[in-house]
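Undergrad: Given these sequences and hints, build the entire structure.
As a plain string of letters, each chain reads:
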Amino acid sequence: MKESNRKILLVLSLIIIASLALTGCSSGATSTNNWPGVNADSETVYFANTTLLSLRMADGTVKWQYPEKADAKHLLYSSPVVLEDKILVGDYGGVLRSINPNTGTLLWTFEEADNRYIASPVVTGDQIFAASMDGTLYALNQNGVLQWKFETKAGLWVSPVANGDMVYQSSMDKKLYALKKSDGSLVWEADMGAASVTVPVLSEDASTLYVNTFSNKIIALETATGKVKWETPTNDTVWSQPFLVDGLLYFGDNAGNVYSLDSSTGSVKWTITLTGAVISGGVALADGLVFASENGEVVMLSTDGAKVWTRTVTGQLYSNLVAVEDRVLVPVMKGDQLLVCFDSNGNQVWTYTPSK
Amino acid sequence: MWDAIVIRPFINVLLLIYQLVGNFGIAIILFTLLIRLITYPLNASQIKSSAAMTELQKDKRYLDIQEKYKGDKEKLAQEQMKLYKEVGYNPMSSCLPTLLQFPIIIGLYQAIIRAMASTPFDMLNLTRHVYKGFLSIENLIPLNNHFLWMNLGQPERLQLGFINFGIPVLAILVVVTSYMQSKLMQPPTSGQPGDQTAMMSNMMTIYMPFLMGYLALTLASGLALYFFVSNVLSIVQYGIMGKLNWDNLLPKKRPAGPAGSRTINAKAAAPKKAAPKPAAPKSKPAGSASTKTNPAKTTTTKAKPKKIEPPQLKSGSKEENES
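Top to bottom, those sequences are chains A and B.
Its first residue numbered 3, the first sequence is counted upward by one per residue in our numbering.
Its first residue numbered 979, the second sequence is counted upward by one per residue in our numbering.
Among these hints, one or two may not hold up.
[What the hints assert, rightly or not] Just the calculated beta-carbon pair ranges, DEER-fashion:
no., chain 1, residue 1, chain 2, residue 2, range
1, B, E1064, A, K336, 38 to 44 Å
2, A, K155, B, P1069, 34 to 40 Å
3, A, G127, B, Q997, 39 to 45 Å
4, B, I1004, A, P235, 31 to 37 Å
5, B, N1117, A, S357, 21 to 27 Å
What the hints contain is simulated information worked out from the structure, not anything from laboratory work.
Yeah, the Cβ is synthetic: ideal placement off N, Cα and C, and Gly gets one too.
TA: The structure is reproduced here in structure tokens:
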């Protein structure tokens, strides 16, 4: 090869390598990096991981996929909401979609948001509430028509909580807002001191909201006024979605601790430390509580905090676990298998591995 | 290792600046400026060294060596090294600062990407990169990603009321400043036919702005902002050192004598067509840039030493072809 040709090839190669390096380095900059969102009913599992997959609960085989090919501008990661006549799922392009659950075809879209949906929508009565990263909570009717919207000062990373006449929304602007469902008017707002990345949990009698914050605290507030009832410190940041069973709150933290708290006083009943950070929210089955740590450890704990069984999944576990009857679904990031279904005895029922 | 030594400290400095100024766009600008100031001596050394090399390439001794040993690469390299020693030039002096800067630039780039976390997974990773006790996640989050009309975590488009599409202002600025940077920093060429440095510079001048523009168009605007600021700071640094080559940027008349790279390529082009008839080049001037380069290669590789007179004559023939 001639010397000059070689030099030109060298320059072209350098440009190509530079472009690959730059685009390769920037995967985070193009919003393609997140853990999957999952929801399920007794028949079907809906798995959002760039596209939305409908899988048979019986064996994990694919029913349909929406869209057929992932759209880089409209990636689907947030957990879908499953209703009788539709599935609602928000995408990373700021579009909320209503999809036919039987066929996987699009029914309608709502496109007013200026930023992505990370949080799942919430449906109550005849209203849909969709929290967007543009900092706005949108209230829609069942046909996707906007009823009202409420703007906060930072992105909404988590779903609202609806109860009675009220809807409660935690924002990254460090505040918790209580709004009227009918018109979105503000009833009260509470300064939480730090942002939160978990959905507030409503007590069984709807008198209390439990909120985790980046200040390493779990805070209980009165739903009527927003006043703080109690605060309990955690050892590390809480990403794991808390859940409430029989008056006890359960969640994990970034240091791998799993907590059981008395929801009326905030006192710690017990803690247990897993082998890795607990980022995903756990679930309650009839036989116990199931938690997963980031490094692939899946454990069932008794309500006293004793380990019942431990299983290992290859990959990283960040998404909230999903319980359906006596089964638990474990979504996986960076693994060959993207979804693993266990029964309550820890037996693997099926796995979903995407075709290459 | 890379993460602990480069990325994590960079992210913490960037976030510290953000905490002080409260705006991520300004934090990116100040952080880029800070890194540029830290690497200024390395850049300056590289610029000086490149300038010295450019000067050396015009030296008659250098040109003579190129001509004399063009068929024997080994000997050519030996003679070049001898000449470098004679004039006190260290060929590593331009490579070393570049090599040292490379990890810093990559680290800067990656730190900006990671700090613009806009998904839960990215946010989780970001919180894990913050030094506890140095910065407080509680105070840092939420990160204000808005700067002017841009959301720095998203590709940038300026929406104007009277048109129904967004204008990628930042991508356009990146293309323009990348082009200006390449042109202004392109050293004067050696004057040799088929000057490969000139060819490579020309190619980079054409392709790099488009590559950078494409990246700015499609990636998060925080990165596009970094590209733009980085380009401007490079131009400013060259300006401070008096090395900006405005002649490359401004349109100029075709000189009568040996000068810019285009002329050199044109000179080089002619002999190919005219090889059997030395007088012909006058009547066959080279046309487009693409036809200029190939003939130059042919001239070099066919190497008909008998036809080529001593270096002085070769220079003379170049001038003749030019005119």
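Undergrad: All hints, please: hold or fail.
TA: Do the hints match the structure? See the list:
| no. | hint | verdict |
| --- | --- | --- |
| 1 | E1064/B x K336/A: 38 to 44 Å | violated, 57 Å |
| 2 | K155/A x P1069/B: 34 to 40 Å | violated, 57 Å |
| 3 | G127/A x Q997/B: 39 to 45 Å | holds, 43 Å |
| 4 | I1004/B x P235/A: 31 to 37 Å | holds, 34 Å |
| 5 | N1117/B x S357/A: 21 to 27 Å | violated, 46 Å |
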